[in-house]
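Using the sequences plus the hints, can you model the full thing?
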Amino acid sequence: QKEVEQDPGPLSVPEGAIVSLNCTYSNSAFQYFMWYRQYSRKGPELLMYTYSSGNKEDGRFTAQVDKSSKYISLFIRDSQPSDSATYLCAMSGNTGNQFYFGTGTSLTVIP
Amino acid sequence: DTAVSQTPKYLVTQMGNDKSIKCEQNLGHDTMYWYKQDSKKFLKIMFSYNNKELIINETVPNRFSPKSPDKAHLNLHINSLELGDSAVYFCASSQSSGIYGYTFGSGTRLTVV
Chain A
2 QKEVEQDPGP LSVPEGAIVS LNCTYSNSAF QYFMWYRQYS RKGPELLMYT YSSGNKEDGR
62 FTAQVDKSSK YISLFIRDSQ PSDSATYLCA MSGNTGNQFY FGTGTSLTVI P
Chain B
55 DTAVSQTPKY LVTQMGNDKS IKCEQNLGHD TMYWYKQDSK KFLKIMFSYN NKELIINETV
115 PNRFSPKSPD KAHLNLHINS LELGDSAVYF CASSQSSGIY GYTFGSGTRL TVV
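Residue numbers (my numbering), protein chains in the order written: chain A, 2 to 112; chain B, 55 to 167.
Just so you know, the hints here were simulated from the structure itself, not pulled from any lab data.
It is possible that part of the hints are untrue.
[Said to hold, decoys possible] Okay, the calculated beta carbon distance ranges per label pair:
| no. | chain 1 | residue 1 | chain 2 | residue 2 | range |
| --- | --- | --- | --- | --- | --- |
| 1 | B | Asn71 | A | Glu58 | 45 to 55 Å |
| 2 | A | Lys68 | B | Thr67 | 40 to 50 Å |
| 3 | B | Lys106 | A | Lys68 | 34 to 44 Å |
[What the hints assert, rightly or not] On the chain B side, residues computed to face chain A include the following (Cβ under 10 Å):
| no. | residue |
| --- | --- |
| 4 | Lys95 |
| 5 | Phe96 |
| 6 | Leu97 |
| 7 | Ser151 |
We put the CB at the ideal spot given by N, CA and C, even for glycine.
Structure follows, in structure tokens:
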């Protein structure tokens, strides 16, 4: 079993929709949680990071962590065609030296 | 001015050859990483260096040898390339602990034929 599970999609939504992306994990020691966005043929770029449980908002993006359920989510409001990319979750224990990545969810926002 | 730069961007080579990928970061970070991304987009860590010292060495064939001449550079040398080595290799860097995230390079797409 992988440390981090993520539905690969693909997910296709109309412009303006609210998108929900999710990951589950098995290691209760994970403390740091990140979301990366990866455009085709590019490297992942950091979108958001959170520590422990709770919510964090940044513009149209909201990250949620529920440690009791070992479940994290990324919500994208008012989705735009420029949001079309693969979204990768990543998580780590205390040190942050080694992040475990999900396999990514491919998102297409249709104009 | 690219923060994490990798060269080459594309690499096509025959089985059995030896090749190197270079990475440089100008962010002042002291930790650098090599990740391998397979065709299903799964990113797996290979190596991590902190201030030129190897701190993570995942289960990787010993045909792969990283070298960090200084904290701004991390190179990857691969001997006797095999078909299964075909993947995208990403270099990344972070401040010591990485808890604020990594900055990735744009990747080296390696194809072994």
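For each hint, the structure was consulted:
1. B:Asn71 to A:Glu58: 45 to 55 Å: Holds, since Asn71 of chain B and Glu58 of chain A (Cβ atoms, about 49 Å apart) stay within the stated range.
2. A:Lys68 to B:Thr67: 40 to 50 Å: Cβ of Lys68 of chain A to Cβ of Thr67 of chain B: about 45 Å, so the range 40 to 50 Å holds.
3. B:Lys106 to A:Lys68: 34 to 44 Å: holds, 35 Å
4. Lys95: This interface hint holds because 4 Å falls under the 10 Å limit.
5. Phe96: holds, 5 Å
6. Leu97: Holds, because the Cβ-Cβ distance from Leu97 of chain B to chain A comes to roughly 4 Å (cut-off 10 Å).
7. Ser151: holds, 4 Å
Checked against the numbered hints given earlier, this structure breaks none of them.
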